[in-house]
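So the protein lines, in turn, are chains A and B.
Take the working numbering: the final residue in the first sequence is number 360, and no numbers are missing along the way.
Take the working numbering: the final residue in the second sequence is number 360, and no numbers are missing along the way.
None of these hints come from the bench; they were simulated from the model.
On a predicted model such as this, the values are computed, not experimentally measured, just so you know.
Do not take every clue at face value.
In this list, chains with the same sequence are indistinguishable; a pair is considered to hold if it fits within one copy or across any two.
SDA-like mimics (lysine to any residue), calculated; alpha carbons at most 20 Å apart, straight line [as the list claims (entries may be wrong)]: (1) Lys257 <-> Lys352; (2) Lys127 <-> Asn205; (3) Lys260 <-> Asp36; (4) Lys174 <-> Leu273; (5) Lys96 <-> Glu354; (6) Lys319 <-> Glu354; (7) Lys71 <-> Val49; (8) Lys31 <-> Lys257; (9) Lys96 <-> Ile253; (10) Lys231 <-> Glu201; (11) Lys31 <-> Glu72; (12) Lys31 <-> Lys260; (13) Lys352 <-> Met141; (14) Lys174 <-> Gly126; (15) Lys352 <-> Ala198; (16) Lys156 <-> Thr359; (17) Lys319 <-> Phe276; (18) Lys174 <-> Leu313; (19) Lys279 <-> Phe310; (20) Lys158 <-> Glu144; (21) Lys260 <-> Glu228.
There are 2 protein chains.
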Amino acid sequence: MKKIINDPGNFVEESIEGLVKSHPDIYSFAKDNRRVITRATKEKNKVGIVTGGGSGHLPVFTGYIGKGFLDACAVGSVFASPSVEQIASAIRNADNGKGVLCVLGNYGGDVMNFEMACEITGSEGIKTKTVIVADDIASASIEEKLKRRGIAGMIFVFKVAGAIAETGASLEDTFNLASLANNSIRTIGVAVSPCILPEAGKPTFEISDDEIEIGMGIHGEPGIKREKIRKADPLVDDLCKRILDDFRLKSNDEIAIMINSLGATPLEELYITSKRVHENFLKLNIKIIKSYIGRYATSMEMAGMSITLFKIDGDLKKYLFSKSECPFWTN
Amino acid sequence: MKKIINDPGNFVEESIEGLVKSHPDIYSFAKDNRRVITRATKEKNKVGIVTGGGSGHLPVFTGYIGKGFLDACAVGSVFASPSVEQIASAIRNADNGKGVLCVLGNYGGDVMNFEMACEITGSEGIKTKTVIVADDIASASIEEKLKRRGIAGMIFVFKVAGAIAETGASLEDTFNLASLANNSIRTIGVAVSPCILPEAGKPTFEISDDEIEIGMGIHGEPGIKREKIRKADPLVDDLCKRILDDFRLKSNDEIAIMINSLGATPLEELYITSKRVHENFLKLNIKIIKSYIGRYATSMEMAGMSITLFKIDGDLKKYLFSKSECPFWTN
Numbered sequence: 030m031k032k033i034i035n036d037p038g039n040f041v042e043e044s045i046e047g048l049v050k051s052h053p054d055i056y057s058f059a060k061d062n063r064r065v066i067t068r069a070t071k072e073k074n075k076v077g078i079v080t081g082g083g084s085g086h087l088p089v090f091t092g093y094i095g096k097g098f099l100d101a102c103a104v105g106s107v108f109a110s111p112s113v114e115q116i117a118s119a120i121r122n123a124d125n126g127k128g129v130l131c132v133l134g135n136y137g138g139d140v141m142n143f144e145m146a147c148e149i150t151g152s153e154g155i156k157t158k159t160v161i162v163a164d165d166i167a168s169a170s171i172e173e174k175l176k177r178r179g180i181a182g183m184i185f186v187f188k189v190a191g192a193i194a195e196t197g198a199s200l201e202d203t204f205n206l207a208s209l210a211n212n213s214i215r216t217i218g219v220a221v222s223p224c225i226l227p228e229a230g231k232p233t234f235e236i237s238d239d240e241i242e243i244g245m246g247i248h249g250e251p252g253i254k255r256e257k258i259r260k261a262d263p264l265v266d267d268l269c270k271r272i273l274d275d276f277r278l279k280s281n282d283e284i285a286i287m288i289n290s291l292g293a294t295p296l297e298e299l300y301i302t303s304k305r306v307h308e309n310f311l312k313l314n315i316k317i318i319k320s321y322i323g324r325y326a327t328s329m330e331m332a333g334m335s336i337t338l339f340k341i342d343g344d345l346k347k348y349l350f351s352k353s354e355c356p357f358w359t360n
Numbered sequence: 030m031k032k033i034i035n036d037p038g039n040f041v042e043e044s045i046e047g048l049v050k051s052h053p054d055i056y057s058f059a060k061d062n063r064r065v066i067t068r069a070t071k072e073k074n075k076v077g078i079v080t081g082g083g084s085g086h087l088p089v090f091t092g093y094i095g096k097g098f099l100d101a102c103a104v105g106s107v108f109a110s111p112s113v114e115q116i117a118s119a120i121r122n123a124d125n126g127k128g129v130l131c132v133l134g135n136y137g138g139d140v141m142n143f144e145m146a147c148e149i150t151g152s153e154g155i156k157t158k159t160v161i162v163a164d165d166i167a168s169a170s171i172e173e174k175l176k177r178r179g180i181a182g183m184i185f186v187f188k189v190a191g192a193i194a195e196t197g198a199s200l201e202d203t204f205n206l207a208s209l210a211n212n213s214i215r216t217i218g219v220a221v222s223p224c225i226l227p228e229a230g231k232p233t234f235e236i237s238d239d240e241i242e243i244g245m246g247i248h249g250e251p252g253i254k255r256e257k258i259r260k261a262d263p264l265v266d267d268l269c270k271r272i273l274d275d276f277r278l279k280s281n282d283e284i285a286i287m288i289n290s291l292g293a294t295p296l297e298e299l300y301i302t303s304k305r306v307h308e309n310f311l312k313l314n315i316k317i318i319k320s321y322i323g324r325y326a327t328s329m330e331m332a333g334m335s336i337t338l339f340k341i342d343g344d345l346k347k348y349l350f351s352k353s354e355c356p357f358w359t360n
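Bound-form chain A, shown alone (with noise of 0.2 Å):
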């Protein structure tokens, strides 16, 4: 296993330690728990945005901590995740009075320490509401939307329910929101290659030298079908069609994307997609305001890569745009 890594036991330890030795103006550890990032300066009089989930996908989850974004995160072991406890300590943390939203991905043990956790912390007084993003349009058909996995879309909500609280909002108004964009997101994700557990020392999952699979999630759950690599184009052809019949959008709509890479991926093979991406909607009048081409959620050195579509307008426009500060986010 070819990995810059001391102790695989220590992985999730050290990476985070390093998040916050290189920028200590921006994360800080919680006092009360090694495994809870928050902000280097809490905020006061705003609602407090909180995630957590496995490691193994930076900047998912804790590299979104930062002015006009998250206020804490827990952060569990490679992709597992975090405890009640890590999580009732987060929502403790980004609380300021005005209460606390968590946003996290549609992942069972994810799911059900969330909800003890905000259970936990409501017997003390904190008022928390949720948001479960289920933006992974491959994960389960639209009739079953609450079953769909969350994945880069995710990104996007941290990125509004964020920049809206940070005007002062109330729960309830971030809380919608935060809503309104998950119900405004789509992606896909096709996978190339595995990752490797640094505990484990073994790939995530197999896959032929001349494979792909369309849909597969970040840790490795099955996709919609695993099919012989073909060229870019009527790949990214076949992605931004699924998303459009699953999402109707009409001429002149705006539209963000995000073509993020699953880690090994390389920017240049992410704007050959981001180019193809590009016609289609073009071709369809659909006006795509903004592009995010990157690394936003990975799952190590996975090669693969995902389209998200987010469509904007109003209140979800302006805070897409508004300025946060964030290692991870360009404004």
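Since chain A is already given, all that's left is putting chain B on it; use the hints.
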């Protein structure tokens, strides 16, 4: 070869077209040459900053165009120098009457072609000066510093040169600051696994499953030594020692660091590296003012990373931290 591409022969054209389509507010094709990228909005009354080099290193080179960064870039084929004609076009497009500073990596073909392009554009009345970045301490001894290759440290030179030029500084002053930056930077890298060239379809070098190569260049140029993979901490200690043996710093000196992934190496490993780099410098009471962690200069999906040290004070510090507008840089 598992890449999300179309015809390998169109790899460069399609990726830069995707770049321009994705960020039309930042980048534009030069009117006279499809292998030259300029700013979307041409500036007036400032020194132009030009670079150029082979493709396959995004965001290097062309990604660093933007306000406070570069004005134009000549885009070569994968790992190949741009032509004299392309470079001359980039220089002409970047010129606003105050002259042009060329900043490039120290590679034979690039240096020769820039020299000829400067001669041609000089005969047309455009004044140019050139800074050849040579930050890779593994590529030649300190006595032969002029023979060193330019790698990730180049981005710091782009940043300060771009920032001072934005203030309306003269070509002479811009050249002097960029030269000072070039002399204040040291980088060393380690290669873990190769990338695959799109057209050739084969890896750039071979390396065993349990080996790494210290000091290997970003095109697979031979490094200092090949060794069995070891834990991150002793590896990072070794790299830091090599940098500090080459560039003597004293207590309270201020530096910025860049921990750069060559492509596939994930953020988690970069932060484990950064943690140890911080510990090394803290022991010596050298102050890390800012840490840049991510993918700044890559070789597509090559695995490995580099550590860059940039000694900053006075104007270098001021211009490193001045605002810029570039999708690959957070202020």
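The hints, checked one at a time:
1. Lys257 <-> Lys352: Neither. Shortest intra-copy (42 Å) and inter-copy (46 Å) distances fail the 20 Å Cα cut-off.
2. Lys127 <-> Asn205: within (15 Å within a copy, 53 Å between copies)
3. Lys260 <-> Asp36: Classified as between: cross-chain Cα gap 8 Å, same-chain 40 Å, threshold 20 Å.
4. Lys174 <-> Leu273: Answer is within: at 15 Å inside a copy they meet the 20 Å cutoff, but 55 Å across does not.
5. Lys96 <-> Glu354: Classified as both; 5 Å inside a copy, 19 Å across copies.
6. Lys319 <-> Glu354: both (18 Å within a copy, 15 Å between copies)
7. Lys71 <-> Val49: within (15 Å within a copy, 39 Å between copies)
8. Lys31 <-> Lys257: between (27 Å within a copy, 10 Å between copies)
9. Lys96 <-> Ile253: neither (38 Å within a copy, 43 Å between copies)
10. Lys231 <-> Glu201: neither (44 Å within a copy, 55 Å between copies)
11. Lys31 <-> Glu72: neither (41 Å within a copy, 46 Å between copies)
12. Lys31 <-> Lys260: Only across copies: Lys31 and Lys260 sit 10 Å apart there, 29 Å inside one copy, limit 20 Å.
13. Lys352 <-> Met141: neither (33 Å within a copy, 43 Å between copies)
14. Lys174 <-> Gly126: Answer is neither: 33 Å inside a copy and 59 Å across each miss the 20 Å cutoff.
15. Lys352 <-> Ala198: Only inside one copy: Lys352 and Ala198 sit 16 Å apart there, 29 Å across copies, limit 20 Å.
16. Lys156 <-> Thr359: The answer is neither: 32 Å in one copy and 34 Å across copies each exceed 20 Å.
17. Lys319 <-> Phe276: Within one copy, since 19 Å is at most 20 Å while 42 Å is not.
18. Lys174 <-> Leu313: For Lys174 and Leu313, neither the intra-copy (25 Å) nor the inter-copy (55 Å) Cα distance is at most 20 Å.
19. Lys279 <-> Phe310: Intra 10 Å, inter 56 Å, cutoff 20 Å: intra-copy only.
20. Lys158 <-> Glu144: within (10 Å within a copy, 62 Å between copies)
21. Lys260 <-> Glu228: between (35 Å within a copy, 14 Å between copies)
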